[in-house]
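Can you build the whole structure from these sequences, using the hints too?
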Amino acid sequence: MTTAFPDQTTDTPADATGYNFAYLDEQTKRMIRRCLLKAVAVPGYQVPFGGREMPLPYGWGTGGMQVTATVIGSDDVLKVIDQGADDTTNAVSIRRFFARTAGVATTESTPQASVIQTRHRIPETPLSRGQILVYQVPIPEPLRFIEPRETETRKMHALQEYGVMHVKLYEDIARFGHIATTYAYPVKVNGHYVMDPSPIPKFDNPKMHGCPALQLFGAGREKRIYAIPPFTRVESLDFEDHPFEVQGWDQTCEFCGSDHSFLDEVVIDDYGGRIFICSDTDYCNQRLDADARKEAV
Amino acid sequence: MTTPNQTRTPKTPALSLTGLCGGFDDPVQQSQQVFRRALTALSEPGTLQTLPAADAPTGIHPAAYQLCLALLDAETPLWIAPALKSEALVSALRFHCGCRIVDDPGRAEFALISPDIDGELTRFAQGSHEYPDRSTTLIVQVGSLEATADWTLSGPGIDGTRKVGITGLDPRWPGMLADNHRRFPCGVDILFTAGSVLMGLPRTTRVEI
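Line by line, the protein sequences are chains A and B.
Its first residue numbered 1, the first sequence is counted upward by one per residue in the numbering used here.
Its first residue numbered 1, the second sequence is counted upward by one per residue in the numbering used here.
Source of the hints: derived by calculation from the structure; they are not laboratory data.
Only a predicted model underlies this, so the values are computations on that prediction, with no experimental measurement involved.
Certain hints may be false.
[Said to hold, decoys possible] EDC-like, lysine to aspartate or glutamate: derived pairs with alpha carbons at most 20 Å apart:
1. A:K188 x A:E161
2. A:K223 x B:E75
3. A:K188 x B:E130
4. B:K85 x B:D116
[Claimed, not checked] Only part of the chain B face toward chain A is listed, based on derived beta-carbon distances under 8 Å:
5. P132
6. P156
7. G157
Where is the CB? At the ideal position from N, CA and C, for every residue including glycine.
What follows is the structure, encoded as structure tokens:
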């Protein structure tokens with residue numbers, strides 16, 4: 001009977017992926033949701049969770065994707081960035097993944113997004129209340145390179161035994177004359193837990209402090225979730241005589257001329273030619289659009 | 001002459017589906033919506049989150065019932081205060097969530113209570129300094145969350161301070177909440193419900209009167 005075949009396929013959902021909404025099964029989502037509620041209640045503490053295997057390798061944002069899959073709803077608008085850019089492989093793949101499995105609307109515009117999954121940048125456009133920023137985290141434990149044993153780092157967090165982290169920063173000063181850590185720069189959340197902000201440039205650290213958006217962090221390989229609620233104190237570790245500073249550039253963005261955003265250096269030829277461009281593509285485009293509108297008027 | 005099946009009495013009462021309180025019509029979407037409001041409630045303490053109206057077992061607020069439906073399953077032991085523990089509620093939660101109902105509040109991951117509990121909040125799991133996440137989340141049914149704002153909240157999730165008014169809490173509560181805040185990183189997290197309205201009060205929130 002050849003007519004049976006089309007009948008059987010008509011009751012598949014419109015997106016036709018065959019997966020549950022946003023890929024994860026409901027039991028997994030409930031487990032992650034309970035972890036997220038605890039993460040928000042103890043800001044900066046890494047909550048262990050039962051990380052699932054995702055259809056892409058560790059290191060590609062499996063932790064962030066599990067958090068996104070858990071919080072996202074059908075009325076959300078998703079933006080995904082990879083080092084600030086909306087149009088790189090990782091960002092495009094993850095955006096497409098949720099467009100297919102959850103049927104959510106996607107955008108490249110920071111103000112229009114309700115959930116933003118990010119790899120290693122915080123958007124230049126200030127976030128607002130109600131938005132959720134989901135970070136992809138490779139190594140959630142800021143003390144891991146100093147103390148490899150989980151039992152010990154757990155005790156160090158319990159006792160707020162963070163002197164060794166200051167020693168690490170001091171070693172930079174002793175060797176280079178300044179704190180040479182430029183990304184994954186450790187922060188103290190709400191005056192208690194020292195937290196790894198994921199490998200964002202330290203340029204972005206000040207944006208975490210008092211941010212009106214909810215910040216969630218997911219580490220898939222290490223199976224940890226942590227969070228910073230809105231309007232929370234986030235201090236970058238430093239010394240009185242070596243205060244925390246962000247990096248700056250002598251150049252401006254080649255496209256939009258921005259002198260205040262995080263710039264990427266791009267080599268353009270074989271003769272040492274190079275330009276600097278905004279790492280946040282949406283921010284750069286917004287500025288170019290605004291300029292174009294001004295000229296049109 | 002007795003037949004074998006007459007001599008045996010079941011240990012737990014048989015689950016009766018007649019009169020069973022309904023669950024979510026669309027569990028996937030509704031769980032997500034309830035969770036997001038709970039997440040906002042705990043990340044912005046003192047804000048009011050309104051859940052959709054829904055049926056709930058007698059004596060249970062629709063908000064409290066929906067939180068249970070969205071967050072509980074076979075992995076989450078639940079403790080129910082004796083005053084709220086009805087056959088209808090236990091049947092509904094056993095059917096929809098499959099959660100274990102425990103007798104010891106110290107072993108519960110979630111607890112459904114009214115404000116007039118016996119004893120202190122330390123009856124519930126507090127977590128440890130190594131694992132502060134292993135603490136009970138309390139769902140507390142109060143009279144109203146929209147009363148005259150006489151409490152001032154501050155802490156993470158609050159830009160400066162936020163005023164809230166909760167009725168139905170006895171005079172022990174400000175002291176108990178202050179103790180709970182002092183125990184950080186240990187302590188319980190609270191979701192207050194009144195009808196369909198929800199308010200979060202995590203352990204990081206400081207309460208002043």
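Checked hints:
no., hint, result
1, A:K188 x A:E161, "holds (12 Å)"
2, A:K223 x B:E75, "holds (18 Å)"
3, A:K188 x B:E130, "holds (17 Å)"
4, B:K85 x B:D116, "holds (14 Å)"
5, P132, "holds (5 Å)"
6, P156, "holds (4 Å)"
7, G157, "holds (4 Å)"
Violated hints are absent here; each numbered hint is respected by the structure.
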